[in-house]
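J.: Each chain, written out:
Number of protein chains: 2
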Amino acid sequence: MENWIKSQGRNDDLVLSSRIRLARNLNKIPFPHKMDEEGGKKLIKDVENAFYTSSHTEDKFKTIRLWENGFIDNEVFFDKHLISKNLLDNTSKAAFIVDENETVSIMINEEDHIRIQGITSGLDLEEVQDLCGKIDNLLEEKLDYAFDENLGYLTTCPTNIGTGLRASVMIHLPSLTITNKMNGVLNAVTQVGMTVRGLYGEGSKARGNIYQVSNQITLGLSEEEIISNLKAVVSQIINEENLSRENLIRKYKYETEDRIYRALGILKSAVLLNPDECLKLLSDVRLGVEMGIIKDVSKVVLNNLLVDTQNAVIQQLYDKKLSSKERDLSRAKLIRERLVEK
Amino acid sequence: MENWIKSQGRNDDLVLSSRIRLARNLNKIPFPHKMDEEGGKKLIKDVENAFYTSSHTEDKFKTIRLWENGFIDNEVFFDKHLISKNLLDNTSKAAFIVDENETVSIMINEEDHIRIQGITSGLDLEEVQDLCGKIDNLLEEKLDYAFDENLGYLTTCPTNIGTGLRASVMIHLPSLTITNKMNGVLNAVTQVGMTVRGLYGEGSKARGNIYQVSNQITLGLSEEEIISNLKAVVSQIINEENLSRENLIRKYKYETEDRIYRALGILKSAVLLNPDECLKLLSDVRLGVEMGIIKDVSKVVLNNLLVDTQNAVIQQLYDKKLSSKERDLSRAKLIRERLVEK
Chain A
1 MENWIKSQGR NDDLVLSSRI RLARNLNKIP FPHKMDEEGG KKLIKDVENA FYTSSHTEDK
61 FKTIRLWENG FIDNEVFFDK HLISKNLLDN TSKAAFIVDE NETVSIMINE EDHIRIQGIT
121 SGLDLEEVQD LCGKIDNLLE EKLDYAFDEN LGYLTTCPTN IGTGLRASVM IHLPSLTITN
181 KMNGVLNAVT QVGMTVRGLY GEGSKARGNI YQVSNQITLG LSEEEIISNL KAVVSQIINE
241 ENLSRENLIR KYKYETEDRI YRALGILKSA VLLNPDECLK LLSDVRLGVE MGIIKDVSKV
301 VLNNLLVDTQ NAVIQQLYDK KLSSKERDLS RAKLIRERLV EK
Chain B
1 MENWIKSQGR NDDLVLSSRI RLARNLNKIP FPHKMDEEGG KKLIKDVENA FYTSSHTEDK
61 FKTIRLWENG FIDNEVFFDK HLISKNLLDN TSKAAFIVDE NETVSIMINE EDHIRIQGIT
121 SGLDLEEVQD LCGKIDNLLE EKLDYAFDEN LGYLTTCPTN IGTGLRASVM IHLPSLTITN
181 KMNGVLNAVT QVGMTVRGLY GEGSKARGNI YQVSNQITLG LSEEEIISNL KAVVSQIINE
241 ENLSRENLIR KYKYETEDRI YRALGILKSA VLLNPDECLK LLSDVRLGVE MGIIKDVSKV
301 VLNNLLVDTQ NAVIQQLYDK KLSSKERDLS RAKLIRERLV EK
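Top line first, the protein sequences correspond to chains A and B.
Quick note: the first sequence, position 204, residue 204 per the working numbering, numbers continuous.
Quick note: the second sequence, position 211, residue 211 per the working numbering, numbers continuous.
Just so you know, these hints were derived from the structure itself, not from any lab.
In this text, all values refer to a predicted model and were calculated from it rather than measured experimentally.
Every residue gets a Cβ at the ideal spot worked out from N, C-alpha and C, and that includes glycine.
Careful: at least some of the hints might be erroneous.
Said to hold, decoys possible - Short, incomplete list of chain B residues facing chain A, as computed with Cβ under 7 angstroms:
1) Tyr254
2) Glu257
3) Asp258
4) Tyr261
5) Arg262
6) Gly265
7) Ile266
8) Lys268
9) Ser269
10) Ala270
11) Val271
12) Leu272
So that you can see chain A by itself, here it is in the shape it has in the complex (with noise of 0.2 angstroms):
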């Protein structure tokens, strides 16, 4: 698998990464929302000692434990979409364990006992699938799985029963966006059984013109049916966002060219940049690779952008907590440096 923010890929795909999470919950355990701390670093050691059994577990994957952060430090590791709002908000007996390309995460005590999720760049469902089913195989060998004949997993959230599968995919929508035809495509997903979400998940807005769109169902299906679905709406997404940039570049070339080249040349030039603007900047300056216009900007600089432009990752970068002026200049400076000196 490969990191998806380090993946140059290649520039015309739209999709940024593919990411696959498992919930699992362990047998005669109270869910998280009702454990204790020294419940919960039990747990997070039971886990521990069933997936650390090989050298190369050992070698290749480490446990961070949230309560030994910063709160800087742990907010990095959500904007890296490493873990979930759910285990930032138990950080007093929250674990994840990680392998060094930060693609494999398994999360302890969010909203669940046991998260595994793995992410890779491009759409490529199947290998973090794969790569998932091996993790769970694995800490099933060794923990009490909560599994009911009839129901399938057992989870904190009856939205999960089943396979506990989430499945989803990160796209890149500027001009469905642009052409305000997203409300028609969410519509059309919702009556397929996915949904489409923001950058950072549920409740969170689609900054950026980035898109989450994943399987709302986890039961009746089997987890091969729930891939090949999502992966059926996304490349139907997909066609309609390549349909409507053919349509923009026909009617608006100059207009398009415009728009992009004016979003390189701010984001080059600005003292100040607020969050919003930038993910809007960096979204028209995407478009601009994608479709061939921007030639000199790598996919590799852009995905870095999109996670180091965030608040925390900033404060981290400057190694202090900044005012939010300051978070806008130190985000204008780190953009002028990568994209000017590149």
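Given chain A, work out where chain B should sit, using these hints.
T.: Frame of chain A; chain B shown alone:
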């Protein structure tokens, strides 16, 4: 005298140019709007005969007859501030005599029979007045000026009677404009018999934050008094603008730098630029140069762009009639070339 467009001047000088014009009419000849083409062309001959009397004037000056030119070429003379809207309106019987350096123009059959105009760079009204006076004397030797012992020079419009002199200074006042203080300045200036106009004189908007301050009163004051009053008012306005800039950079350092650098970034990268936005951005960049924030753009480049991005000049440079969108495209291209390849 120095052509204001080609002048580098001091970077911190807010004055672009100083202009003097003298309105003169001939005795017993109808005013231009009452004159037919034949009469108008005869008058042009008479003025030429009076003017071209030495090898000096014959070598360095030439007559341009508007009816011999295309519309765009005549518009370009207007955009360069060499002729007035009124002269353009009389194309079929209007001409002007101009020096090779384009600092002096003698308009014939404008609102008045003769308008002697001199423009130089920076704040130097005396030098211009001196030269205009010499040309006035030269013409007066051969021509019978309409002059009344009590009223002075007689003119078509009563507001010009007396000295027939209008002195005006073109100043860049972005900070007073941004901070909404121009209305106060306008009121104060009007009370001391001065008037403030836009970049292209009477009735034109103050686009690009460039204003022309000039005397309103031509009667009851000597030429010297008019000029020294105007200089006093202009000095005061310059002081206020400079105070306003100091205040701006003290209170809004980063916001001001952001505005300035973004303007340069957009000018260097835009694909489409309409005239209003173009002047606004050029003003922001000029402010940056004047404040020492931008160091690698010269005033000469900015002065040239101020003129060359006008609709007519754009079309002359590309040698064809362009639609509004084609002009926006050509304007942006021209600016990119001048600023990026400088």
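J.: Does each hint hold? Answer for all of them.
T.: Verification of the supplied hints:
The beta carbon of Tyr254/B comes within 5 angstroms of a beta carbon in chain A, closer than 7 angstroms, and the hint placing it at the interface holds. Restraint check, Glu257/B versus chain A: the minimum CB separation of about 5 angstroms is within 7 angstroms; hint holds. Given the 7 angstroms rule on beta carbons, the hint for Asp258/B holds: about 4 angstroms separates it from the nearest Cβ of chain A. For Tyr261/B, the interface hint holds, since its Cβ comes within 7 angstroms of a Cβ in chain A; the closest pair sits about 4 angstroms apart.
The restraint placing Arg262/B at the interface with chain A holds, with a minimum CB-CB distance near 5 angstroms, inside the 7 angstroms limit. The closest approach between the C-beta of Gly265/B and any C-beta of chain A is roughly 3 angstroms, which is under the 7 angstroms cut-off, so the hint is satisfied. Checking Ile266/B against chain A by beta carbon gives a least distance of about 5 angstroms; that is within 7 angstroms, so the hint holds. The interface hint given for Lys268/B holds, since its Cβ lies 6 angstroms from the closest Cβ of chain A, which is under the 7 angstroms cut-off.
Contact between Ser269/B and chain A, as hinted, is supported at the beta carbon level, the nearest pair being about 3 angstroms apart and thus within 7 angstroms. A hinted interface residue such as Ala270/B counts as satisfied when its beta carbon comes closer than 7 angstroms to some beta carbon of chain A; here the least separation is about 5 angstroms, so the hint holds. The restraint placing Val271/B at the interface with chain A holds, with a minimum CB-CB distance near 4 angstroms, inside the 7 angstroms limit. Annotation: interface hint on Leu272/B holds; nearest CB of chain A at approximately 4 angstroms, less than 7 angstroms.
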